[in-house]
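Engineer: Below, each chain spelled out in residue letters.
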Amino acid sequence: MAVVGARRPTPYGEAVAERLATDLAAAGVVVVSGLALGVDAAAHEGALIGGGCTVAVLGSGVDVIYPAANADLARRLLHAGGAIVSQFPDGTVPRAANFPRRNWVIAALADLVVVVEAAEGSGALITADAALHLGKQVMAVPGSVFSALSVGCHQLLRDGAGLVQNARDVLADLSSPGEVLDDPLAAPERFRIAEPADGSRDPLLRHLDDSLPGDPGVLARKLGLPFGDLIARLTRLELEGRVVRRGAGYVKVHGRGTSREESE
Amino acid sequence: MLATVLTSLVRGLEARPVEVQVDISSGVAGFFLVGLASGSVREAKERARAAIRNSGLRFPHRRLTVNLAPAELRKDGSGLDLAIAVGICMAALGLKAPRDAAFLGELSLDGTLRHVDGVLVAARGLPGQGVTDLVVPACDAAEAALGEAIRVLPAPNLASVVSHLRGEAPLAPYAGSLPEAQSPDPELDLAEIQGQEAARRALEVAAAGGHHLLMWGPPGAGKTMLARCLPGLLPPLTLAEALEVAEVRSVLGELPPGCPLDWRRPFRAPHHSMSLAGLVGGGSGMARPGEISRASHGVLFLDELAEFEPATVQALRQPLEQGRVFLTRSAGSVAFPARFQLVAATNPCPCGWSGDGRRACRCTRAALETYRRALSGPLLDRVDLQVNVPRTPLEALGGEPSGESSSIVRERVLAARSLQLKRQGMLNASLRAAHLRCWAPLRPAARRGLERWATEAALTARGFHRAWRVARTLADLEAAAEVEEGHVMEALGYRLAEHAG
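Protein chains in written order, with the working numbering: chain A, 1 to 264; chain B, 1 to 501.
Everything labelled a hint here was simulated from the structure, so no lab data went into it.
Only a predicted model underlies this, so the values are computations on that prediction, with no experimental measurement involved.
Just so you know, not all the hints are guaranteed correct.
[Said to hold, decoys possible] Using C-beta positions, here's what the derived DEER-type ranges look like:
#	chain 1	residue 1	chain 2	residue 2	range
1	B	P236	A	D202	36 to 46 Å
2	B	T328	A	R75	53 to 63 Å
3	B	C438	A	H79	46 to 56 Å
[To be verified] Counterexamples of contact, computed for chain B against chain A with all Cβ distances above 10 Å:
#	residue
4	E46
5	G167
6	P256
7	W263
8	L427
For every residue, glycine included, the Cβ atom is placed at its ideal position computed from N, Cα and C.
With the rest of the complex left out, here is chain A (with noise of 0.2 Å):
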């Protein structure tokens, strides 16, 4: 199964990447992906916790490992029994033309193919025309309205991709047996935040988004605070990294009883 998405995903998307890839790896399946910043290294991060193997598919030889800030990821992932595959000869450097072509090979391995965030026109979405062309199951994981990065995946869900909610959506869809798991889908563990010994807990958090960053401007003058005071509880947040910065706006990391919170 290919987990493919965007390279600077939020994290959200990052969070859901590695925590499918988490459960299908423990549920035996085998993830392949690019080995792009991401959404493709949290799903070959999430396969490894997962205890599964991972295919990583290179746009560049088997030795020229691209990007460089993936090498390590890419070493764990041969110690763990996955494989890092190639059409292109040793020593070829990573061109922007290999990329769709190796997009293609990523969908020709897997039997399905699950979209984690794509903006318009985005390579993922280059791999899922190719899974449908190569008579494969495609998925995509929902998003925010608000946010660029769901276009792609919203696209392909009202062409008729199937809706993946968690990893049991994508095993059934695979039509093999796989154990039960947890409805709705729990953030992975490096995405959460212990909570303080002392409960508390910053309000401005529940005023912040996990996908679509929060302009701090809009967020002084709907909550009434001098513009400085905000700034300075923003960074103290990210700080303790409950949030981080996305250009001019804050975005929520994900953490644990977000989605209760949201829904209150």
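With the hints as your guide, set chain B onto chain A.
Structural biologist: Only chain B this time, still in chain A's reference frame:
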């Protein structure tokens, strides 16, 4: 007969006295001009000859030698015309020119005096050289009068100067007085800006601490408008500052006649295609002030910073550090003031969509890193504040602007600046590490916060001190003696997000 007349040349913002020595001796009639005169000064011979004749005075038909001393100083421009003509007339009449008066002006062929550049610089510099009277073209009198220590004698033409020196019709000293200091209305008021809370706050902090500012935002987000608001947040120029601003304009011949002193802080926004010489100063022969000197005591706004030639941007480093720029050309070295506050603006990424929720940025991480690396480096090390300026949503543009006006913000800025000057004699932006320990004590929680950030975000020593400086300014805006944790946290918020998408 020998006559000696004083005049002056402008080198940078410095007035160098020049002696015009005229000797008339018997011999074959001729006119010799010596003393390292450039082409434009040699032309003075013809102008002086015609002007003297057309003023009803006699041009001596004998051997005429004019020496411009000191001989090692290269003479340029037409400002020496009057002194040369006066010297010839004095020598021909057998009169002595006064040793405490200097003469500046270009001659028309009919003897009328025309404007010369740099009169203000001469008027301010010559009293130190023992000169008490300055004869200038009537149109330059108001400018010259800004140099208070000198008596300005405006003259319409050569004939009036000669009759003044013969004691027939003394020239009347210029009577205008120095203009009063004013607080001019800002060119653009913050109240006209919609939204942009982050940039508003950053401008206030920049104005309060003298910090340089970089705005990241897509085209059309209003970065230029925001930058134009900064001069209106700063205190009005002091007399000394206004005079220095006027001197630079005087050298460039850009002072408007009649209202020579402008109390507004300069705002210069050179286009990114500008050459190195245009930006920092230069030119052939003698260097002229560039945009950074025109922006001295004001704001230099560099829009599309990434589009500037790297060498041009690099050349800003030394002026940023020293507040002056030193230029060497074939005709000599000069220094110009360059005490400007830098406001730069740039696209967040090559495609321009980064950080905009409506469309995903299509730049690869590598392209983004290359882009940012090209921008960073020594220049950005001097920029304490970085802020994102997103596009204002169109639906918000229709509403009434809700922010504070410049005058309210300026009151807070002035209070914070006076605190800094009282405490340390300089603005926070100039504080170095040792100063910070002394003048910006951190509360324990603030220190812990800053150190924790430094460890976890792998802050460089420079980044550490940048945040500390900005935190000091934030504390000053609240009139707090010590830097609190909240100040440090806010200061750390004014930097570029690592992830753009």
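Engineer: All hints are to be evaluated individually against the structure, with a verdict given for each.
Structural biologist: Status of the hints after comparison with the structure:
Remark: the range hint 36 to 46 Å for B/P236 to A/D202 is upheld by a beta-carbon distance near 42 Å. For B/T328 and A/R75, the hinted distance range of 53 to 63 Å is satisfied, since their beta carbons lie about 56 Å from each other. Between B/C438 and A/H79 the CB atoms are about 54 Å apart, so this pair conforms to the stated range of 46 to 56 Å. The Cβ of B/E46 sits about 64 Å from the closest Cβ of chain A, beyond the 10 Å cut-off, so the non-interface label holds.
Separation of B/G167 from chain A is adequate, the least Cβ-Cβ distance of about 70 Å exceeding the 10 Å criterion. Its beta-carbon lying about 39 Å from the closest one in chain A, B/P256 satisfies the requirement of being farther than 10 Å from that chain. No Cβ of chain A approaches the Cβ of B/W263 within 10 Å, the least distance being about 30 Å, so the stated non-interface status holds. Consistency note on B/L427: stated as away from chain A, and its beta-carbon is indeed over 10 Å from all of that chain's, at 19 Å minimum.
Hint compliance for this structure: every hint is met.
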